[in-house]
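Residue strings, one per chain:
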Amino acid sequence: ILNVEQSPQSLHVQEGDSTNFTCSFPSSNFYALHWYRWETAKSPEALFVMTLNGDEKKKGRISATLNTKEGYSYLYIKGSQPEDSATYLCASPTPSGGSYIPTFGRGTSLIVHP
Amino acid sequence: DAGVTQSPTHLIKTRGQHVTLRCSPISGHKSVSWYQQVLGQGPQFIFQYYEKEERGRGNFPDRFSARQFPNYSSELNVNALLLGDSALYLCASSPLPNTGELFFGEGSRLTVL
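Chains as they are written, first to last, in our numbering: chain P, 7 to 120; chain H, 163 to 275.
Extracted from the complex, chain P is given alone in its bound form:
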């Protein structure tokens, strides 16, 4: 069983603060790392799909890094805004029966206070 861990479980920040959270996964048997943003009453939406060690991806004020050798990924949000409030999930797919099955972490719940 692949264990994907996320920390912290929840985070409260003030508008304008920058923040980051962590996703850790077994460094062996790595294929890809996904980050999703899940707003309340909506569907999870992919932020990044990362595959290469040292990969850095950016989308607006949100960026992510990947270290496959030590088994972690960081998600950074610069200048948090209330609309960034959501649960951020990471997932790592592993092969099974000719397909890839993602294992999800429990998520980090971010609340940005105006």
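Calculated directly from the structure, the hints in this document are not laboratory data.
Careful: at least some of the hints might be erroneous.
Claimed, not checked - DSSO-like mimics (lysine-lysine), calculated; alpha carbons at most 30 Å apart, straight line: (1) P:Lys75 <-> P:Lys48; (2) P:Lys75 <-> P:Lys65; (3) P:Lys64 <-> P:Lys75; (4) P:Lys64 <-> H:Lys192; (5) P:Lys48 <-> H:Lys214; (6) H:Lys192 <-> P:Lys65; (7) P:Lys63 <-> H:Lys192; (8) P:Lys48 <-> P:Lys65; (9) H:Lys175 <-> P:Lys48; (10) P:Lys75 <-> P:Lys63; (11) P:Lys48 <-> P:Lys84; (12) P:Lys48 <-> H:Lys192.
This one's a predicted model, so the numbers in the text were calculated from it and none came from an experiment.
Starting from the known structure of chain P, arrange chain H on it as the hints suggest.
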């Protein structure tokens, strides 16, 4: 373009009943997977289908079953419902069952009384 659609959005059942949840993938997506999400946990993988064949099954009892139709839509069936089956059931589609991103629906919220 329409995203992944799931129905019903909410439903209430009693113990022992069965339920059928439905999912329509994004047009052109041939892979559909199902997840169960309970409060405080990440989505747990239940099934994956590709080209109407089961490609993966998670650690769920045989009361859970699924199928994929020729139009790539999918159904998740749960028999003999237990209180512990109360959860949000998410469907996700993707073009292929590979390491690429998943496209999720908004889920079906099942409450078992």
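Quick rundown of the hints versus the structure:
1. As the CA atoms of P:Lys75 and P:Lys48 are separated by approximately 34 Å, the hinted pair breaks the 30 Å bound.
2. With a CA separation close to 24 Å, the supplied pair P:Lys75 and P:Lys65 stays within the 30 Å bound.
3. Between P:Lys64 and P:Lys75 the CA atoms are separated by roughly 21 Å; this keeps the pair inside 30 Å, and the hint holds.
4. Between P:Lys64 and H:Lys192 the CA atoms are separated by roughly 29 Å; this keeps the pair inside 30 Å, and the hint holds.
5. Between the alpha carbons of P:Lys48 and H:Lys214 the distance comes to roughly 27 Å, so the proposed pair stays at or under 30 Å and holds.
6. Taken as a hint, the H:Lys192 and P:Lys65 pair is honoured in the structure, with Cα atoms around 28 Å apart against an allowance of 30 Å.
7. Pair hint P:Lys63 plus H:Lys192 holds up; C-alpha atoms about 27 Å apart against a cutoff of 30 Å.
8. A C-alpha spacing of about 20 Å is found between P:Lys48 and P:Lys65, which places the hinted pair at or below 30 Å, so the restraint holds.
9. The hinted pair formed by H:Lys175 and P:Lys48 meets the criterion: a straight-line CA distance of about 23 Å does not exceed 30 Å.
10. Between P:Lys75 and P:Lys63 the alpha-carbon distance is near 18 Å, which keeps this suggested pair within the 30 Å criterion.
11. With a C-alpha separation of about 23 Å, the suggested pairing of P:Lys48 with P:Lys84 holds against the 30 Å cut-off.
12. About 23 Å separates the Cα atoms of P:Lys48 and H:Lys192, which keeps this hinted pair within 30 Å; it holds.
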